[in-house]
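Please construct the entire structure, taking both the sequences and the accompanying hints into account.
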Amino acid sequence: MSDLTATFTVDATPQQAYEAINDVRSWWGHHIAGPTDQVGAEWFYLVPDIHFSKQRVSELVPGERVVWEFTDGYLDFIADKKEWVGTTGRFDIVADGGQTRVTFTHEGLARGDECFDVCYDAWTHYITVSLRGRIESGEGTIRTQDEDKAAVGR
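In this text, residue positions in the sequence shown follow the working numbering: the first is -7, and each later residue adds one.
Keep in mind that the hints were calculated from the coordinates and are not lab data.
Predicted model only: the values in this text are computed from it and were never measured.
Among the hints, a few may not be true.
[To be verified] Okay, the calculated beta carbon distance ranges per label pair:
#	residue 1	residue 2	range
1	Lys73	Val121	22 to 28 Å
2	Asp64	Thr5	29 to 35 Å
3	Glu131	Gly104	33 to 39 Å
4	Gln30	Ala142	33 to 39 Å
5	Thr133	Glu56	21 to 27 Å
The C-beta atom is built at its ideal place from N, Cα and C for all residues, glycine as well.
Here it is, written out as structure tokens:
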């Protein structure tokens, strides 16, 4: 089984992509507490009644890589509420012919896992639409709580 992955290419420098990734509130959601741009920092993401996750920033390489460890969490819409715990989110940033390619991999979350389809839909939106928009225009496209509820069938 392969890990969940989403990739896009933008007209930006690797450093611009790196800075946007670390500005998590601007593309993933406003319900975030804690610093997201310091190695060792722990931060929380919340979609009330649907999703909670706690991340630790484990690696920051300017213009190249951002890595988060999912250390705690709760997914209300599946039986294994802790499915993300122990997984890793990794952003690889590569210069590509005057553009920058960003690849997000949710290591440890694979096809066949209970949340894969819903998580694939969410990550695809947040990475290839919202983060990409944040890098290109300075503005992400964050889903509303109603959109998140619809995505999990509520």
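Hints and how they fare:
Range check, Lys73 to Val121: Cβ separation about 27 Å, and the 22 to 28 Å hint holds. Here the CB-CB span from Asp64 to Thr5 is close to 34 Å, well matched to the stated 29 to 35 Å. Range check, Glu131 to Gly104: Cβ separation about 35 Å, and the 33 to 39 Å hint holds. Checking the proposed 33 to 39 Å range against Gln30 and Ala142 shows it holds: the Cβ atoms sit about 34 Å from each other.
Under the hint 21 to 27 Å, the C-beta atoms of Thr133 and Glu56, about 25 Å apart, fit the expected range.
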